[in-house]
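S.K.: Now for the letters of each chain:
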Amino acid sequence: MDKLFNEWKKSTPKYDKNLEHLFISLTRKGGGAEVDREDKGKIFSNNYELYIYAFFLGLYNNKYEELPETAELKDFSHAIQYWGSTKSYVREDFTNLQEYLFMAVIAKTDGIEDDLIELDKGKKTVEAIKKRLHITMQNYTNGGLLLLEKKVQQENLDITLGTSMLNLILQSKQVIEDVLSEA
Amino acid sequence: MRIKQVVITNYQSYYGKNVFDFVQGVNIVHGANGHGKTKFFEAIEWIFNENDSNLEGLISQKSIHNEIKEGIDVLVSVRMTVIQGDEVKTIEKLFIAKKNGDNISISKPNLTGVREEENGERYQVDFPKKLRDEIFDARIRRYSMFKGETDLKVFESKEALSKLIDMFSDAEYLKEYIKKAEFFVGRAENAVTKAGQKNAKGEKEYAILSKEIDYLKKEIYDKESEQHQHEINIEKIKASIDEYENIIDNAEAYQILSERIRIKENEINKLKIKVRDCENYTQDLFDKNWILTNYKNIFEEFKTKVVNVSKSKRKLENEYQQKIGEKKAVENLKNGIIPLPIGAPTRQHMVEMLDAKLCKVCNRDAPEGSEAFAFMNNRLKEYIESVEKTVVEKKQLFRNNYINSLTKVSDSNDENISNIINMELNIAENFEFVESRKGDINKKIEEREKEEVERAKVIGGSKLGVDAGSAATILQNFKGLNTNIKEENLSLSGLTNIIKSKKDKLAAFQTKKNNLDIASVSGYLMKTQDLLKDVLTITTETTEKELNTLVVYLEKQANEIFQATNEGGYTGNLKLYKTKIGNQNQVEFRVLDNFNNPFALNGAQEVLAHTSLLLAISKMVKNEANESYPLILDAPLSTFDRNKYPAFFNSFKENTDQCIILVKDFIKEDENKKISIDSRFYQDDIVKDKSLWVKLDKNSIENQIETTNSVVIEL
Chain Z
1 MDKLFNEWKK STPKYDKNLE HLFISLTRKG GGAEVDREDK GKIFSNNYEL
51 YIYAFFLGLY NNKYEELPET AELKDFSHAI QYWGSTKSYV REDFTNLQEY
101 LFMAVIAKTD GIEDDLIELD KGKKTVEAIK KRLHITMQNY TNGGLLLLEK
151 KVQQENLDIT LGTSMLNLIL QSKQVIEDVL SEA
Chain W
1 MRIKQVVITN YQSYYGKNVF DFVQGVNIVH GANGHGKTKF FEAIEWIFNE
51 NDSNLEGLIS QKSIHNEIKE GIDVLVSVRM TVIQGDEVKT IEKLFIAKKN
101 GDNISISKPN LTGVREEENG ERYQVDFPKK LRDEIFDARI RRYSMFKGET
151 DLKVFESKEA LSKLIDMFSD AEYLKEYIKK AEFFVGRAEN AVTKAGQKNA
201 KGEKEYAILS KEIDYLKKEI YDKESEQHQH EINIEKIKAS IDEYENIIDN
251 AEAYQILSER IRIKENEINK LKIKVRDCEN YTQDLFDKNW ILTNYKNIFE
301 EFKTKVVNVS KSKRKLENEY QQKIGEKKAV ENLKNGIIPL PIGAPTRQHM
351 VEMLDAKLCK VCNRDAPEGS EAFAFMNNRL KEYIESVEKT VVEKKQLFRN
401 NYINSLTKVS DSNDENISNI INMELNIAEN FEFVESRKGD INKKIEEREK
451 EEVERAKVIG GSKLGVDAGS AATILQNFKG LNTNIKEENL SLSGLTNIIK
501 SKKDKLAAFQ TKKNNLDIAS VSGYLMKTQD LLKDVLTITT ETTEKELNTL
551 VVYLEKQANE IFQATNEGGY TGNLKLYKTK IGNQNQVEFR VLDNFNNPFA
601 LNGAQEVLAH TSLLLAISKM VKNEANESYP LILDAPLSTF DRNKYPAFFN
651 SFKENTDQCI ILVKDFIKED ENKKISIDSR FYQDDIVKDK SLWVKLDKNS
701 IENQIETTNS VVIEL
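Note that the protein sequences, when read in sequence, are chains Z and W.
So the first sequence is numbered by this note's numbering: it starts at 1 and just counts up by one.
So the second sequence is numbered by this note's numbering: it starts at 1 and just counts up by one.
These are calculated hints, taken from the structure and not from any lab test.
Some clues are possibly wrong.
Stated by the list, open to error - With a straight-line Cα cutoff of 27 angstroms, these simulated DSSO-like cross-link-like pairs (lysine-lysine) come out:
id, chain 1, residue 1, chain 2, residue 2
1, Z, 130, W, 305
2, W, 98, W, 39
3, Z, 173, W, 303
4, Z, 131, W, 408
5, Z, 151, W, 323
6, W, 296, Z, 9
7, W, 288, Z, 14
8, W, 311, Z, 123
9, W, 272, Z, 121
10, Z, 124, W, 303
11, Z, 131, W, 296
12, Z, 130, W, 296
13, W, 272, Z, 131
14, Z, 123, W, 323
15, W, 98, Z, 10
16, Z, 87, W, 323
17, W, 296, Z, 151
18, W, 303, Z, 123
19, W, 408, Z, 123
20, W, 305, Z, 9
21, W, 315, Z, 124
22, W, 315, Z, 14
23, W, 175, Z, 10
24, Z, 87, W, 272
25, Z, 10, W, 288
26, W, 408, Z, 121
27, Z, 124, W, 98
28, W, 274, Z, 9
29, Z, 3, W, 39
30, Z, 9, W, 408
31, Z, 124, W, 296
32, W, 272, Z, 173
33, W, 303, Z, 131
34, Z, 151, Z, 17
35, W, 311, Z, 131
Here the structure is a predicted model, which means the values were calculated and not measured.
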């Protein structure tokens with residue numbers, strides 16, 4: 001069977017280079033023990049953790065921010081299919097999130113239905129679909145990253161608090177409900 | 001001696017002239033903290049002080065402010081009038097303070113004494129210091145005036161106690177005779193030797209013998225000094241060992257507490273790890289999928305989208321088939337409804353329904369020959385055709401099956417979505433769990449702190465005040481002391497043997513010399529020598545015996561008083577041990593149980609034990625010197641239960657002629673901070689012959705020392 005998900009997860013989404021400082025300051029890439037993380041104020045273990053986080057944050061807060069056309073895009077050379085596969089004695093595997101990311105981008109890509117029909121007809125390529133899906137993913141992530149940047153820089157979010165990131169997610173629920181009630 | 005009056009003028013908190021009149025019996029001076037109780041006590045001490053320092057500090061601040069600064073001279077004095085025998089004696093210590101520019105100049109303190117004889121003749125004495133010592137001998141004063149409970153521990157000094165007892169021993173005067181007797185014995189011996197030398201036939205032999213004897217005597221003296229030094233050392237080491245044993249007893253308690261603290265510490269750490277595992281909130285966004293907490297709506301959106309697109313695809317497919325003339329499909333289409341995909345219901349289900357002649361979907365009969373039966377039959381045929389005959393010639397609109405894969409993703413995640421709905425609850429539970437464990441941690445920390453306080457008490461309880469870290473050092477020192485004492489004992493017994501053999505030798509020489517003397521020295525000289533030796537022996541032994549009698553008497557008295565004040569409770573026995581180190585007597589005070597083991601007293605019991613001995617001394621002084629001295633105690637009750645007060649005061653009433661007790665324990669303060677004397681004090685069971693109250697007057701303002709004025713009120 002032709003599995004769109006399997007094709008999709010082989011790719012690597014990108015982000016705006018202007019927001020790279022967030023990845024540098026909030027994630028601990030490279031070596032070092034897991035316990036070092038908090039000491040260094042780096043609260044995400046990997047670049048893709050921040051990427052996933054920013055995507056969901058943007059998604060839940062309805063922050064769909066298109067990347068500027070002139071934006072220089074960056075990625076961290078780590079395909080989605082490997083995200084969350086770092087099981088260790090302190091960490092759990094969370095590769096299952098890949099599917100949720102996928103479902104979300106399908107759900108949030110307007111008019112993807114027609115493209116899918118065309119795909120099954122063979123009139124559009126998987127690559128073209130993936131490209132559309134990535135735009136959705138990158139724009140929500142961009143929205144999430146900008147929101148996070150604002151929270152840290154303007155609203156003095158204390159990232160050393162263990163609950164800071166979780167709270168932003170929990171608070172987003174309110175946003176979703178507001179949006180729904182508006183509709 | 002009895003104190004009749006104390007007058008304090010411009011001294012410390014006592015501004016102006018303040019008169020304290022005392023009577024025979026129990027005099028109680030009440031005073032709240034900071035109201036002048038202790039200043040009264042110190043005023044009396046000041047009269048007897050030889051070395052004065054910081055006189056300016058003794059001047060009443062109020063008088064500095066009111067008089068001296070205004071250029072008025074101020075007299076600072078403490079005067080005490082006592083009745084001693086048939087005389088009235090007054091001793092006064094005073095100085096004048098006057099303004100000197102911005103400073104205060106102070107005259108040299110002056111002591112004056114007035115003696116008033118029985119016949120009423122009154123005159124100032126030439127030697128006031130002598131009068132002062134006559135009134136209150138320093139040796140007695142040491143056992144008469146006590147500031148606080150710790151002062152009462154004077155009994156721990158063995159020499160002081162023996163000196164005091166010596167002072168009242170009937171045989172005290174004999175001590176002078178011992179020295180005289182020793183002197184005369186020496187003279188007699190010399191005389192005998194000289195006479196012997198002159199008359200001896202074997203002059204040379206006699207000279208050698210005399211020399212040997214002198215030499216031996218000197219040697220014995222040296223060895224005895226050495227022995228004395230060892231005895232002192234042993235005494236000192238024993239005292240240290242006692243202290244260390246006290247610490248080591250505490251060490252056991254310390255270790256038990258330390259172990260408990262260690263266990264608590266472990267429990268706290270385990271809880272902390274548990275909490276830490278639950279506090280990886282950012283990590284759990286991923287590991288526990290918490291990030292999906294708001295995902296439900298997204299999933300619904302996805303599901304709807306997939307269902308719709310799948311439906312559109314089938315519709316398109318059907319329309320396409322229709323267009324290319326698949327008539328069967330057209331026939332089967334009713335009202336434009338999109339048919340179920342081929343193979344639904346399954347082949348087995350279709351066969352089953354045909355056999356039963358019943359449509360199990362709509363639960364209606366489908367007898368053979370009916371339209372419904374024919375429909376079902378056709379569907380089955382269609383399916384069999386589609387799987388068994390490969391319809392290669394059939395044209396299809398859709399070549400790929402990606403949409404179907406999306407349906408699969410949707411279906412397989414349907415179940416998981418219930419977990420996502422519960423996610424928020426899980427997070428809340430996690431927070432609750434963390435909070436409750438944190439509560440547990442705080443509780444454990446509190447418990448641990450309590451144990452630590454206990455442990456601190458144990459450390460504080462040891463006299464050396466060592467901290468726990470040096471436990472190893474303590475043990476090492478303790479072992480060292482035990483080794484030292486063994487060595488000292490070994491040296492001592494060695495020396496004792498040497499001394500004994502030398503003394504034996506000396507005795508032998510002396511007998512030999514005596515025999516020579518008897519032969520050559522005139523009888524009367526020999527007899528004189530022997531007589532003097534006997535006098536020396538008698539004097540020494542009598543002194544010793546008399547001292548022993550006194551110690552036994554004192555111990556008996558002290559125990560009687562102690563038992564009386566402790567009615568109903570077992571408190572051990574007071575023991576006085578007389579020991580002799582070299583020529584120095586020592587009297588040691590201990591409290592033992594019935595098995596002669598040290599008895600541990602609590603604070604109040606210890607005060608009672610000490611006051612019992614104190615009262616016994618006071619009684620002994622009265623018996624032996626035919627004179628009693630007042631006891632002055634400042635704040636001795638702080639460790640006492642209230643129900644002990646009557647017995648305590650009563651023991652003073654019964655065993656002393658006069659006492660002055662300064663207490664704060666009957667002062668009570670109401671909600672307006674107004675102080676008064678507690679009615680308990682006026683109850684009959686508290687013995688008092690006179691009571692006074694020192695308190696700051698109403699013009700005294702807290703924290704303004706220049707307003708302070710203690711006044712005396714007779715109750």
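S.K.: Run every hint past the structure and note whether it holds.
M.R.: Do the hints match the structure? See the list:
1. 130(Z) - 305(W): holds, 17 angstroms
2. 98(W) - 39(W): Judged against 27 angstroms, a Cα distance of about 22 angstroms means the pair holds.
3. 173(Z) - 303(W): holds, 20 angstroms
4. 131(Z) - 408(W): holds, 22 angstroms
5. 151(Z) - 323(W): Violated, at roughly 58 angstroms.
6. 296(W) - 9(Z): Status holds; Cα separation ~22 angstroms.
7. 288(W) - 14(Z): holds, 25 angstroms
8. 311(W) - 123(Z): Distance ~19 angstroms between residue 311(W) and residue 123(Z) Cα, so the pair holds.
9. 272(W) - 121(Z): Answer violated: residue 272(W) to residue 121(Z) is near 59 angstroms, above 27 angstroms.
10. 124(Z) - 303(W): holds, 22 angstroms
11. 131(Z) - 296(W): Holds. Residue 131(Z) to residue 296(W) sits at ~25 angstroms (cutoff 27 angstroms).
12. 130(Z) - 296(W): It holds: about 24 angstroms lies between the C-alpha atoms, which stays within 27 angstroms.
13. 272(W) - 131(Z): violated, 47 angstroms
14. 123(Z) - 323(W): holds, 20 angstroms
15. 98(W) - 10(Z): violated, 102 angstroms
16. 87(Z) - 323(W): The hint is violated at about 54 angstroms.
17. 296(W) - 151(Z): holds, 25 angstroms
18. 303(W) - 123(Z): Holds, at roughly 24 angstroms.
19. 408(W) - 123(Z): holds, 22 angstroms
20. 305(W) - 9(Z): At roughly 20 angstroms apart (the allowed maximum being 27 angstroms), residue 9(Z) and residue 305(W) satisfy the hint.
21. 315(W) - 124(Z): Since the Cα atoms of residue 315(W) and residue 124(Z) sit roughly 20 angstroms apart, the hinted pair holds (cutoff 27 angstroms).
22. 315(W) - 14(Z): Distance ~37 angstroms between residue 315(W) and residue 14(Z) Cα, so the pair is violated.
23. 175(W) - 10(Z): With Cα atoms ~114 angstroms apart, residue 175(W) and residue 10(Z) exceed 27 angstroms; violated.
24. 87(Z) - 272(W): Holds, at roughly 24 angstroms.
25. 10(Z) - 288(W): The given pair, whose Cα atoms are some 24 angstroms apart, holds under the 27 angstroms limit.
26. 408(W) - 121(Z): With Cα atoms ~19 angstroms apart, residue 408(W) and residue 121(Z) stay inside 27 angstroms; holds.
27. 124(Z) - 98(W): It is violated: about 115 angstroms lies between the C-alpha atoms, which goes past 27 angstroms.
28. 274(W) - 9(Z): With Cα atoms ~36 angstroms apart, residue 274(W) and residue 9(Z) exceed 27 angstroms; violated.
29. 3(Z) - 39(W): violated, 99 angstroms
30. 9(Z) - 408(W): Within the cut-off at roughly 16 angstroms; holds.
31. 124(Z) - 296(W): violated, 30 angstroms
32. 272(W) - 173(Z): Violated: residue 272(W) and residue 173(Z) sit about 31 angstroms apart, past 27 angstroms.
33. 303(W) - 131(Z): Answer holds: residue 303(W) to residue 131(Z) is near 21 angstroms, not above 27 angstroms.
34. 151(Z) - 17(Z): holds, 19 angstroms
35. 311(W) - 131(Z): holds, 24 angstroms
The structure fails to meet hints 5, 9, 13, 15, 16, 22, 23, 27, 28, 29, 31 and 32 from the earlier list, while all remaining hints are met.
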